[in-house]
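*Asks:* Take a look at the letters that make up each chain.
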Amino acid sequence: MASPVTTGATPRPGDPTITPALVAEHGLTNDEYDRLVTMLDRTPTFTELGIISALWSEHCSYKHSRPVLRTLPTKAPWVLQGPGENAGVISIGDGLAVAFKIESHNHPSAVEPYQGAATGVGGILRDVFTMGARPIAMLNSLRFGSLDTPRVRYLVAGVVKGIGDYGNCVGIPTVAGDVMFDPAYEGNPLVNAMCVGVLKEEELIRAKAEGVGNPVIAVGARTGRDGIHGASFASEDLSEESEAKRPRVQVGDPFTEKLLLEASLELIRSGHIVAIQDMGAAGLTSSSAEMAERGDVGVTIDTKKVPVRETGMTPYEILLSESQERMLVVAKQGHEEEVRTILFKWDLTAEVIGEVIAEPVYRVTEGDQVVAEFPGTRLVTDCPQYHPEARESPEAVARRARDVHAIAPLPSEADPAWTLERLLMAPTIASKHWIHRQYDSTVRTNTVIGPGQADAAVIRIRGTKKALALKTDCNGRYVFLDPRVGGRIAVAEAARNVACTGATPRAITNCLNFGNPKKPEVFFQFREAVYGMGDACRALETPVTGGNVSLYNENPHGAIYPTPVIGMVGVLEDVAHATRLNFTTAGDAIVLFGENTDELGGSEYLAWIHGVVAGAPPACDLEREKRLIDALLESIRSGLVRSAHDCSEGGIAVAIAESCMADRAKATGASIDLGAWNALPARALLFGEAQGRVVISTPEADQVLAIAKQHGIPARVIGAVTAASDGLRITTGATTLTMATARMAEAYHEALPRAMQQGAAEPVAHDPAHIGVSA
Amino acid sequence: MKVGVISFPGSNCDEDALLAVVEQLDEEAVLLWHKDHDLQGADVVILPGGFSYGDYLRSGAIARFSPIMHEVVAHAKRGGPVIGICNGFQIACEAGLLPGALLRNQSLQFRSMSVTIRVESTATAFTRAAVNGRLLTMPIAHGDGRYTADATTLDQLEGEGRVVFRYVDADGNPTAAANPNGAMRNIAGIANETGTIVGLMPHPERAMETLLGSTDGLVLFQSLLAGMPV
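Chains as they are written, first to last, in the working numbering: chain W, 15 to 789; chain L, 25 to 254.
FYI, nobody ran anything at the bench for these hints, they're computed from the structure. Be aware that one or more of the hints could be misleading.
[As the list claims (entries may be wrong)] Reference excerpt, derived from the structure (chain W facing chain L, CB under 10 Å, subset only):
id	residue
1	D179
2	V418
3	H419
[Stated by the list, open to error] Label-pair distances were calculated between CB atoms; the ranges are:
id	chain 1	residue 1	chain 2	residue 2	range
4	W	G653	L	T161	25 to 35 Å
5	L	Q48	W	T599	51 to 61 Å
6	L	A200	W	K723	22 to 32 Å
7	L	A98	W	G653	25 to 35 Å
8	L	G157	W	D612	54 to 64 Å
9	L	N156	W	V265	30 to 40 Å
10	L	A200	W	T598	23 to 33 Å
11	W	N44	L	A85	55 to 65 Å
C-beta: ideal position from N, C-alpha, C; glycine also.
All chains, please: the whole structure from these sequences, using the hints.
*Replies:* Written out as structure tokens, the structure is:
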């Protein structure tokens, strides 16, 4: 491993001496430190230690996850850019492309929800517009603990306001997402933000430093002392001390972001630059090192030339600051003035801070003094990779094996309407209008279907007949109970959601939220969930174009549910086919695609009504999911479908109830006969979460059934849409559920506002198995 | 008709307004940069939605000092039509083109939703093609939309028929429940004395196409055409 280049750097006066304690404080293991010394062939300077601490943090290096991530499928003819860039890019035809990515901001949001969430939005926006794409939509995937806790309500309010204030100000509509609540996320909320942008294929730009002599330019906001070591903070478990790390959370300025967005797009289109990258996690350090690594060139940076917000900042601080709304640009030599002119138009600064060099080194100077120097691109490529032990926890095995049918129904459940009403009030199921109404979802005038109206959002592409369907999804409970199956379901459900609007699922981005990978049971969850996602992505032809891994989502009470959030992008060839989830016309037939089966395991019913997280999650037949999607899309494109809604949390009863009254102003009733499945236990039939099912309404049932048959998908007319005054009526053979539409609507639409006011209704029963060791 | 849409650095509905005019009305429109002093011969000025200069101080408080606003005020004084939408309404109030102020929503939260407003006056450049009492549905998206003025000003506005739009329920009644931001007297939009300047919080430029859910915003722009010399 001897380096071909001798590097030298001098400690600055006042730099702390490198001691084992200082190394440990920087989160490096002894082995990792030894690797660094071997690479340099000398003791590192304090600045170098800081750089490596950031670049080799889990957040930047993926050192525990990369070998597993490599198993994911990433290619398809329509994929223009797979993982490894600021964002993935797919072609959608007509010379147009879509750039999209999802990223976590969990740790910052846990200690400072408003700024944590806001800067999460800012970071993902920059990742997309640095590809040359104009952002057109934002999504968010959020997980919180129980709303009974004042702390959780504070987190929800802060996160939602942070997301809203940032996106609203920049003027990008927030159009969809998913929000779930479970005590497993009590100390560790998940805040995953996804951005989607559109570009012309020829305007695609990559963050690859090129051209010896080309200037490296810092653009946008000045560098301050905020967010130093944010990347390292995101790479450790949360603890009582985390609150004290609030200063590591960055502060966002959406107005500057808006200026930076416009200026960056203008820069990219001007042809004066060769590469551009957000100074995100680990700031200047990672952006410059990664751009150099992609271009396989050397780079030199002078920290004295970096515009700073305060005096006396050391190179260490300047390199590791995570001040927001900054970009690193490699311009064409001799075009510096043109770059400055564009930035000046937007009242932003641009300072040349370094240069692309032929010499294979990564060098940082402070004026004339070299304070850090690494051979070639090895500070990125020499990062260790780990293959941790993976072993399923006996607890998970026991939970999965539990016979959930043995759980006795509560006396109140004798009336299934009682159960349905409770489920409609469960925060995970209830309307998220309280959240959506704080997000501008209609700015840019492309939102055909906004939040809460369909299984995915639909955004038209101006100048074409096309539209995008967008959705995030993941049921962490399924992944917890069976990571491989749960990983498959996360992708399959997101694909099904997108297909319900009439779009072909095309590609995914993912945000893998897990606990501490050094624990064998956590790494098992991670590996198996990724394998499951890979299975589904291959079967559904939705390759992975990038994403983000967030590990160490743990606090003293334990790890979160393993939550691999999927961000799915689908394409509608004709926006006229955009389909919502609400029934529209009394007299329409209601048809079920798919099969009802006896699967209660991992259901919202068990968790919310009985306080039990156990049983095997529903089976996921990927080959059948693909055929279901094909049948659905053919039916929709033939103009036969008035509404489509998949069965997910709360099962078929909740799906039908939502189709009746999710659009409260245009509510309907429904009359349903599930007698064909009277052999199933009524509660499994009504509230079980069997996969691969979609409820559609149609005036042409025969034609729809014929299409389903061609695709080999079981389908059956289960009832008809009725007037709102008729309410909901579902007979299962053994029992009949009747409920007024207004009562369903009240339960579904008022639950979250009420919970945010006064705390959620208590789950009816508390099973000790929910929090302790499984029964 | 030539429409000039002002682009402040933090405007984010400027392009929407421009496209509404060009694509849905087939009329000419140009973006006017905030640092310029030239209205480029625009017959009508739109102050669009957004966050003009970040609005960290007070919505629209800084925008009124921008170079282009000098020209907008001059245009308004000449009797040229000006419409302020959302942030543009806030700017028009800050610039003294319209009375009153837009305060933080009563809920203290941003509100993004579809609202129903009732046309209260057709004696303005932007409502003359509408019918009094007609209900219009269009989106709102704002944090500072609570229209506020002293009682004398409110009475004067009412007396002179300068309340142009009011938030109402589906039946056309100005109820508290139909008021999304706590605006005094459910006021969603007002006009100046001559009806040439209108400010409103809802977004007519987002309600121009059936595909996007409503075409009720069209009437504001059609009113302009109705008043233009052919």
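*Asks:* Checked against the structure, which of the hints given earlier come out wrong?
*Replies:* 2, 3, 5, 6, 7 and 9
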